[in-house]
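*Asks:* The listed protein sequences derive, respectively, from chains S and R. Under our numbering, the first residue of the first sequence is numbered 1, with each subsequent residue one higher. Under our numbering, the first residue of the second sequence is numbered 1, with each subsequent residue one higher.
Be a bit skeptical, because a hint or two may be false.
A pair counts as met if it fits within one copy or between any two copies, since identical chains are not told apart.
The list that follows gives simulated cross-link-like pairs (lysine to aspartate or glutamate, EDC-like), each with its CA atoms no further than 16 Å apart [what the hints assert, rightly or not]:
{"id": "1", "residue 1": "Lys-271", "residue 2": "Glu-226"}
{"id": "2", "residue 1": "Lys-178", "residue 2": "Glu-102"}
{"id": "3", "residue 1": "Lys-241", "residue 2": "Glu-258"}
{"id": "4", "residue 1": "Lys-39", "residue 2": "Asp-138"}
{"id": "5", "residue 1": "Lys-167", "residue 2": "Asp-138"}
{"id": "6", "residue 1": "Lys-205", "residue 2": "Asp-277"}
{"id": "7", "residue 1": "Lys-179", "residue 2": "Asp-66"}
{"id": "8", "residue 1": "Lys-25", "residue 2": "Asp-52"}
{"id": "9", "residue 1": "Lys-215", "residue 2": "Asp-277"}
{"id": "10", "residue 1": "Lys-182", "residue 2": "Asp-206"}
{"id": "11", "residue 1": "Lys-90", "residue 2": "Asp-64"}
{"id": "12", "residue 1": "Lys-152", "residue 2": "Asp-244"}
{"id": "13", "residue 1": "Lys-179", "residue 2": "Glu-102"}
{"id": "14", "residue 1": "Lys-274", "residue 2": "Glu-226"}
{"id": "15", "residue 1": "Lys-25", "residue 2": "Asp-136"}
{"id": "16", "residue 1": "Lys-179", "residue 2": "Asp-206"}
Rather than coming from a laboratory, the hints here were simulated on the basis of the structure.
There are 2 protein chains.
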Amino acid sequence: MKLFNRVTIIGLGLIGGSLAIAIKKKKLAGEVVGVSRRKTTIDRARTLGIVDSATLDLKKGVKDSDLVILTAPVLKIIDIAKKILPCLKKGAILTDAGSTKEVIVKSVEGCLPAGISFLGSHPLAGSERSGLDHIDKDLFKGAHCILTRAGKTNKAALSKLKRFWGKLGMKVEVMSLKKHDKALSALSHLPHAASVALSNACAKKDLRLAAGGFKDTTRIASGKPELWRDIFITNRKNIAKDIDALKKELTKIEKALERNNSAELLRLLRKAKKIRDSI
Amino acid sequence: MKLFNRVTIIGLGLIGGSLAIAIKKKKLAGEVVGVSRRKTTIDRARTLGIVDSATLDLKKGVKDSDLVILTAPVLKIIDIAKKILPCLKKGAILTDAGSTKEVIVKSVEGCLPAGISFLGSHPLAGSERSGLDHIDKDLFKGAHCILTRAGKTNKAALSKLKRFWGKLGMKVEVMSLKKHDKALSALSHLPHAASVALSNACAKKDLRLAAGGFKDTTRIASGKPELWRDIFITNRKNIAKDIDALKKELTKIEKALERNNSAELLRLLRKAKKIRDSI
Numbered sequence: 001m002k003l004f005n006r007v008t009i010i011g012l013g014l015i016g017g018s019l020a021i022a023i024k025k026k027k028l029a030g031e032v033v034g035v036s037r038r039k040t041t042i043d044r045a046r047t048l049g050i051v052d053s054a055t056l057d058l059k060k061g062v063k064d065s066d067l068v069i070l071t072a073p074v075l076k077i078i079d080i081a082k083k084i085l086p087c088l089k090k091g092a093i094l095t096d097a098g099s100t101k102e103v104i105v106k107s108v109e110g111c112l113p114a115g116i117s118f119l120g121s122h123p124l125a126g127s128e129r130s131g132l133d134h135i136d137k138d139l140f141k142g143a144h145c146i147l148t149r150a151g152k153t154n155k156a157a158l159s160k161l162k163r164f165w166g167k168l169g170m171k172v173e174v175m176s177l178k179k180h181d182k183a184l185s186a187l188s189h190l191p192h193a194a195s196v197a198l199s200n201a202c203a204k205k206d207l208r209l210a211a212g213g214f215k216d217t218t219r220i221a222s223g224k225p226e227l228w229r230d231i232f233i234t235n236r237k238n239i240a241k242d243i244d245a246l247k248k249e250l251t252k253i254e255k256a257l258e259r260n261n262s263a264e265l266l267r268l269l270r271k272a273k274k275i276r277d278s279i
Numbered sequence: 001m002k003l004f005n006r007v008t009i010i011g012l013g014l015i016g017g018s019l020a021i022a023i024k025k026k027k028l029a030g031e032v033v034g035v036s037r038r039k040t041t042i043d044r045a046r047t048l049g050i051v052d053s054a055t056l057d058l059k060k061g062v063k064d065s066d067l068v069i070l071t072a073p074v075l076k077i078i079d080i081a082k083k084i085l086p087c088l089k090k091g092a093i094l095t096d097a098g099s100t101k102e103v104i105v106k107s108v109e110g111c112l113p114a115g116i117s118f119l120g121s122h123p124l125a126g127s128e129r130s131g132l133d134h135i136d137k138d139l140f141k142g143a144h145c146i147l148t149r150a151g152k153t154n155k156a157a158l159s160k161l162k163r164f165w166g167k168l169g170m171k172v173e174v175m176s177l178k179k180h181d182k183a184l185s186a187l188s189h190l191p192h193a194a195s196v197a198l199s200n201a202c203a204k205k206d207l208r209l210a211a212g213g214f215k216d217t218t219r220i221a222s223g224k225p226e227l228w229r230d231i232f233i234t235n236r237k238n239i240a241k242d243i244d245a246l247k248k249e250l251t252k253i254e255k256a257l258e259r260n261n262s263a264e265l266l267r268l269l270r271k272a273k274k275i276r277d278s279i
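Please construct the entire structure, taking both the sequences and the accompanying hints into account.
*Replies:* Okay, here's the thing in structure tokens:
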């Protein structure tokens, strides 16, 4: 069911590329336009047939589009948004797929022209893999998508975006910028920090003996460093606080080990199992 | 190819049960006997046909066996070993599949009768799942198995056990008790502690928003608490030291966040990716 005449996706990586095929498959747009910085990506997107047209030119790419979706590392999203805002048609909706929301939304709202709506989206889908080689039309199916409510949120645009992400099979929720960034700090950014710290703590160990447990807990440390640097920087206060909470939990285990306190270890292990099993 | 006339497996959980079918499939024993504390497990093992016979009686189960393999939580392994040592036939080999080695091997060697060989084995295979419902004949294929060398190690028994685990498709290595416990502390027990601490740190968060990253990093926290309590207690000094190292790595990230140090964050993220990608 067509929701938009023309949709432009900026950034054709795992998220952008998967969005393109998902939109085409669900027939949510009359036309899907892809924009990338790289000629090889443009060519590959055309070969794969995931977009109706593709261009290196940002301004040409967003012209006459009803919906523009920015997929890029967080700080890049802000740069690109500022460049394209003056080129969007009246009534256009601009959104993004960035993993932090407060810095993005406040920066973009600060220079929003009249007649254009900007809303922050965060589809909780992805992988440690990146690029068009790993795109998946079902990447969004069944996952959560958070839309943020901020100062300039246009209700009609919010309701249209809710339908859009919902049609891709996502469970859509609306929350404030602060609530989003706090929740994601604990449930996504902290696990990433833990995974990175764990890898780095084992730098000089016999890595050939690493089995399933180590592989699972460190899998996400393979994610793109530049992408995660931007996430960390734009949510740094929440993440620093959550790292502190994680260190306190580690200290509880450490103290129980030092004191040979079997009962306390069992309590901590049982509590963690109960939490993990509840997901 | 038959290596033993009679093999007894004590404990019919994920490891014991998978061992039983793997041994039968590879025809490594004339007869496979299973021992469990629970009548229902005995019945289930018989129904599944994974053992030639099964019994609740430890002494009856190990009688006349050429190889006895103890699969149980670490401290239980020691208890059971002490009970069965006087019942083993001359020339029998006793081994285990416990995740820590120094405490087990020293305890059992301390009461080893003449004519019996005890060797510590650690097949690095497993899962957060447990019980006969999850057994897998290929659980050991391609994984590492560490055999430990200690004071009373009998060379002929060591060489026979090397062949045994090798025939199950495992990459066998021999190392000292201390080296084993140190390596496993960093690469298996520390990730478990991290996973437990991460779950506990997020106890009061919006867990319905937990996506792939959180699920992967905390998956192993679903493991059996009693099993992990024993591992933690019998390798407590190494694990406490490694938790300290992990906290130091977390502090590096925390400091970089507090100082808004983008370059340092990128360095830490790149280092971790390099380590993880090398596995």
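*Asks:* Against this structure, judge whether each hint is valid.
*Replies:* Tested hints:
1. Lys-271 - Glu-226: Cα proximity of Lys-271 and Glu-226: across copies only (12 Å, versus 35 Å in one copy).
2. Lys-178 - Glu-102: within (7 Å within a copy, 50 Å between copies)
3. Lys-241 - Glu-258: Between copies, since 10 Å is at most 16 Å while 26 Å is not.
4. Lys-39 - Asp-138: So Lys-39 and Asp-138 fail the 16 Å test inside a copy (26 Å) and across (45 Å) alike.
5. Lys-167 - Asp-138: Classified as within: same-chain Cα gap 12 Å, cross-chain 41 Å, threshold 16 Å.
6. Lys-205 - Asp-277: The answer is between: 15 Å across copies meets 16 Å, while 30 Å in one copy does not.
7. Lys-179 - Asp-66: neither (28 Å within a copy, 63 Å between copies)
8. Lys-25 - Asp-52: within (12 Å within a copy, 54 Å between copies)
9. Lys-215 - Asp-277: For Lys-215 and Asp-277, only the inter-copy Cα distance (10 Å) is at most 16 Å; the intra-copy one is 20 Å.
10. Lys-182 - Asp-206: between (36 Å within a copy, 10 Å between copies)
11. Lys-90 - Asp-64: within (9 Å within a copy, 87 Å between copies)
12. Lys-152 - Asp-244: neither (34 Å within a copy, 46 Å between copies)
13. Lys-179 - Glu-102: within (9 Å within a copy, 48 Å between copies)
14. Lys-274 - Glu-226: between (35 Å within a copy, 14 Å between copies)
15. Lys-25 - Asp-136: Within one copy only: 11 Å inside a chain, 38 Å across chains, cut-off 16 Å.
16. Lys-179 - Asp-206: Between copies only: 10 Å across chains, 41 Å inside a chain, cut-off 16 Å.
The structure does not agree with the numbered hints 4, 7 and 12 stated previously, though it agrees with the rest.
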